[in-house]
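Protein chains: 2
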Amino acid sequence: MRIVLDAMGSDQYPVPDIAGAVMAARQWPDDEIILVGREDIIRTELQKHDTQGLQLEIVPATEVIEMDDPPAWAAKEKRRSSMHVGMGLVHTGDADAYVTAGNTGGVLAVATLYTLRRIPGVKRPALVAILPLPVGRVVALDIGANADCRPEYLRQFALMGSVYAQAVLGCDQPRVALLSNGEEPGKGNTLVKEAYSLLSKASLNFIGNVEPKEVLTGKTDVMVSDGFTGNVLIKTLEATAKMLTTLIRQEITANPITAIGGLLAKPAFNRVAQRINPSEVGGGPLLGVNGIVIVGHGRSDALAIKSAIGQARKAVQGNVVAAIRDGLAHKGKAKEKS
Amino acid sequence: MRIVLDAMGSDQYPVPDIAGAVMAARQWPDDEIILVGREDIIRTELQKHDTQGLQLEIVPATEVIEMDDPPAWAAKEKRRSSMHVGMGLVHTGDADAYVTAGNTGGVLAVATLYTLRRIPGVKRPALVAILPLPVGRVVALDIGANADCRPEYLRQFALMGSVYAQAVLGCDQPRVALLSNGEEPGKGNTLVKEAYSLLSKASLNFIGNVEPKEVLTGKTDVMVSDGFTGNVLIKTLEATAKMLTTLIRQEITANPITAIGGLLAKPAFNRVAQRINPSEVGGGPLLGVNGIVIVGHGRSDALAIKSAIGQARKAVQGNVVAAIRDGLAHKGKAKEKS
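Protein sequence lines correspond, in order, to chains A and B. 4 is the number of the first residue of the first sequence in my numbering; add one for each residue after it. 4 is the number of the first residue of the second sequence in my numbering; add one for each residue after it.
Only chain A is shown next, with the shape it has when bound in the complex (with noise of 0.2 Å):
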């Protein structure tokens, strides 16, 4: 298996995104990381590891989409970014993946515009978040790619996460779910409403509206939204945890004693970060492009991108895109018709 990774990509590039590629080629050896960026740059950042061994290109790509680029601009200006060269190997079938942690609407743009396009049918690609729960994870798009939506691209998305998270999460007959403002059938805006109409003659394991606690507590595999409702959640996700934390480290600090059992519980804490870790997950894929493609944060650390590299890895064995391919053929249609 071939994976490119885009050395340009996070924040702190390309500290965090060559350790994670070398940590990745020493897990799995038989696989080859290609690196793409600025050689110059690569060069000098590999040679703080200890490569020997490892399955490690370098594919030269002489621009960089930037974190505060105009994704719309740098996509139709920067054709030599490592965006572009990136995807296009994936396109011509020189690569089997493309993962990066960079600027989210540059590899949107340049996905479905100048290099993978879509997978014919699929109406609009849409962003994945994998939430790392406790109990486990959860499959939940759309996240930001598309803030207005039909009625027809949310059955598409529910037919894509569904695909995904049998593909790659292991899930069996996975449960799929609108996000609502109620459980009840005849809650949601009008979006949700006809989507649910539609999700109801599916051939998916539809189960219905959930409200965020149902997300969070399990209740659902595939999570199924409009993009700007699903980025919401996630941000608020975020935002609440982060709020939490620090409000916590505040006030146990504000005073010796509780400082104390701050100290003592402070393993709790580090299982507690554990088991909601982000890095552990890595990113998320763009679906319904022609290629695999998984989008880290720009705060990914070493370990996401080795976590994001791992998921492109089981995206190509679960062989996602000829699924989605399939399932917009076969599945996601009236019941009476599969």
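By construction, these hints were calculated from the structure, which means they are not laboratory data. Quantities reported herein were computed from a predicted structural model and do not represent experimental measurements. Some hints here could point you the wrong way.
Given that identical chains are not distinguished, each listed pair holds provided it fits within a single copy or across any two copies.
[What the hints assert, rightly or not] The calculated lysine to aspartate or glutamate pairs, modelled on EDC-like cross-linking and capped at a C-alpha distance of 16 Å, are:
1) K269 - D71
2) K204 - D151
3) K190 - D72
4) K190 - D151
5) K190 - D71
6) K216 - E241
7) K196 - E186
8) K216 - E186
9) K245 - E217
10) K81 - E69
11) K126 - E155
12) K317 - E35
Use these hints to put chain B onto chain A, whose structure you have.
Relative to chain A, chain B alone:
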């Protein structure tokens, strides 16, 4: 001042409701608390308290809108409910405000269709959450009354939220922001983009878009959204906080050393809980109806009921209904015209 409390409101009615009313009557002895609901139940419960010298009155209502009653049906069929009678007293001027921890959909239907009705010019009433955050309080609306919104509704929500933040929370020139999937002006779904344009022209202290993390870190005093997205945000916040606290408790108690640490750190955890305690807020108003209505959580305890009554007092003192009426007439219109 005369404040009506729905004695048949909370999930555990009448226990926390009556206890909270007694606390309020004791704290604000110049005001009168009118308990509305089934007289026998109220009298029996009141006997458990020392009510000597307190201004507590009972107004009977023979029916109860229960938590699981379908709102539209219950509002139409149970015309002698504590909601109809209670809001009726506000409508006729026999009381200044109505407080309930009951069925939210029921409150909305009884208020808008059968008793108080809308303030002239208000397109849609909005349900407000007053978020109790470490940085202070944030007025969030709509959090559930309107799943589908037009830009004009959001403009009115912004105005009503601003009036409330000023009158009740004492904010001078409250900062008003739109909840979005990015801070930049062009971000958002179509609704947010169109509302952004309207708000830019309104006579409000409009600061633009905010993401969830800006809401939680106190970058705005008022957060405006459609009722679907607002509901998802509130519920994600609650669910994440619950998930984290459960997880921390589990991990701390899983080992004797960390359990001792947890005991020593307990005062710090208590301060954390105190600083974000929803019971100190009690509830949020239903803004846009022609009278003051405060809606508490079904799981309200006595403190929450007392706090909700306290909030109703401030809303009366701040003359919120008249301020919204005036605001609709003068503010929130295009700056050129004001």
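Each hint tested on the structure:
no. : hint        : verdict
1   : K269 - D71  : neither (37 Å within a copy, 43 Å between copies)
2   : K204 - D151 : neither (23 Å within a copy, 24 Å between copies)
3   : K190 - D72  : between (39 Å within a copy, 15 Å between copies)
4   : K190 - D151 : between (19 Å within a copy, 12 Å between copies)
5   : K190 - D71  : between (38 Å within a copy, 14 Å between copies)
6   : K216 - E241 : both (15 Å within a copy, 8 Å between copies)
7   : K196 - E186 : within (12 Å within a copy, 29 Å between copies)
8   : K216 - E186 : within (11 Å within a copy, 26 Å between copies)
9   : K245 - E217 : between (21 Å within a copy, 12 Å between copies)
10  : K81 - E69   : within (10 Å within a copy, 61 Å between copies)
11  : K126 - E155 : within (8 Å within a copy, 30 Å between copies)
12  : K317 - E35  : within (14 Å within a copy, 67 Å between copies)
This entry does not satisfy hints 1, 2, going by the numbered hints stated previously.
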